[in-house]
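Taken in sequence, the protein lines are chains A and B. Heads up: the first sequence begins at 67 in my numbering, then just goes up one per residue. Heads up: the second sequence begins at 2 in my numbering, then just goes up one per residue.
Calculated from the structure, these hints are not laboratory results.
Part of the chain A face toward chain B, derived, beta carbon under 10 Å:
id, residue
1, Leu105
2, Leu108
3, Gln113
4, Thr115
5, Gly119
6, Thr136
7, Glu138
Restraint ranges, calculated between C-beta atoms of paired labels, are given here:
id, chain 1, residue 1, chain 2, residue 2, range
8, A, Asn116, B, Arg134, 35 to 43 Å
9, A, Gly155, B, Ala167, 33 to 41 Å
10, A, Asp122, B, Ala140, 36 to 44 Å
Model, not experiment: these values are computed from the prediction. Note that the Cβ used here is the ideal one computed from N, Cα and C, for glycine as well.
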Amino acid sequence: VDRAAGAQVHELPLADDAAEDRHPRPGRENNQRLTKLALEILGSHAQLTNGGGYADGYWQYQQLRSRGNTIEAGTSEILRNIVAERVLGMPRSR
Amino acid sequence: VTVDFSFSSEQDDLRREARAFLEANPSPTMDQLRELGWVGILQGEDFTFLDAAVLFEELGRVLYDGPYVLNEVAGQPGEEVWSIEVDGFVPHLDQVERVLTPDMQGEPAQGETLATVDESLGLGRLSRNGASRAQGEWADVRRRLLAALALEAVGIGSKANELAIAYVSEREQFGKKIGTYQAISHSLVDGYVAVELSRSLAYWAAWAVAEGDEQADLAVAAAKSQAAEAAVLACEKSIQAHGGIGFTWEHPLHRYYKRALWLEGALGYGREHRAEIAASLLSS
Numbered sequence: 067v068d069r070a071a072g073a074q075v076h077e078l079p080l081a082d083d084a085a086e087d088r089h090p091r092p093g094r095e096n097n098q099r100l101t102k103l104a105l106e107i108l109g110s111h112a113q114l115t116n117g118g119g120y121a122d123g124y125w126q127y128q129q130l131r132s133r134g135n136t137i138e139a140g141t142s143e144i145l146r147n148i149v150a151e152r153v154l155g156m157p158r159s160r
Numbered sequence: 002v003t004v005d006f007s008f009s010s011e012q013d014d015l016r017r018e019a020r021a022f023l024e025a026n027p028s029p030t031m032d033q034l035r036e037l038g039w040v041g042i043l044q045g046e047d048f049t050f051l052d053a054a055v056l057f058e059e060l061g062r063v064l065y066d067g068p069y070v071l072n073e074v075a076g077q078p079g080e081e082v083w084s085i086e087v088d089g090f091v092p093h094l095d096q097v098e099r100v101l102t103p104d105m106q107g108e109p110a111q112g113e114t115l116a117t118v119d120e121s122l123g124l125g126r127l128s129r130n131g132a133s134r135a136q137g138e139w140a141d142v143r144r145r146l147l148a149a150l151a152l153e154a155v156g157i158g159s160k161a162n163e164l165a166i167a168y169v170s171e172r173e174q175f176g177k178k179i180g181t182y183q184a185i186s187h188s189l190v191d192g193y194v195a196v197e198l199s200r201s202l203a204y205w206a207a208w209a210v211a212e213g214d215e216q217a218d219l220a221v222a223a224a225k226s227q228a229a230e231a232a233v234l235a236c237e238k239s240i241q242a243h244g245g246i247g248f249t250w251e252h253p254l255h256r257y258y259k260r261a262l263w264l265e266g267a268l269g270y271g272r273e274h275r276a277e278i279a280a281s282l283l284s285s
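With the hints as extra help, turn the sequences into a complete structure.
Structural data, given as structure tokens:
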């Protein structure tokens, strides 16, 4: 494992998705991309988790957790519909 | 020259039998597989890597959690069950008797089992002591392994797509099946297209390995990089389409996803294989 690269990625903040935040923020999908990059940097150690993993499996947990980010508090599809119809004034789908 | 890439009717029969057996027994023992005649399938004259390919894909579909595939890929004679050290770690370490290492030694399967994201992987770190020289060449083992990983990924990706299609064809929101919303259906079509393109590459790779074709290295690199990434993508699309239920411990999707993530990293991420392919294309 390239610990220097891992440590740098570790410094980056993850977007905080509060449940009341109804805005579709790119942070949610960026979490998924960022955590994926972190695992790729971990390379053959990407499967190791908990005590045996780099940073106690922090990135492994965050990567799996990030899949929920585009589902909870309104899926990305629903939030895009809201922007399309209410913000941009496009025709309503239903 | 045209090559017929379709499977023979015997191979189609094998797939039907394998699927029926594995749906009833998704976690068969090596003894059960031995009774079916699957163990040592590449050792005799009766079967080729294309026959094994059918089994590897079907085992992927049911998330088979044992050492069978690695044992066949290791290709060692005798009754012992083998695993292979992959990127420094040994899948199913405590389910096998010997481990093949990239320097082609056969090590006793001793060492420490580690906590992994895919809990069915049984990944261990080998303690090396008392190896004997194994048969064959690592280049051949690696080629078979890349093809096998690609085929397993095709099985995983196909199943993830099928689960999603079934779910969005039933689940209703706003008075309609959610599969009628294009944000859902187009996303699942992208997952399907990725897996089907990778299926073609995986079957090409299996054929190239079976025939010892001169393009085998290219084929297995292309197949493994595309199929593993397609499986990851299909699982992600499937989880998204399932909404909250796909994110629960009870639903099988997370296990498919974790296996796909292992396949994506095993023997190098896609970009490493694409670099190999690029180097080979640019030098010719």
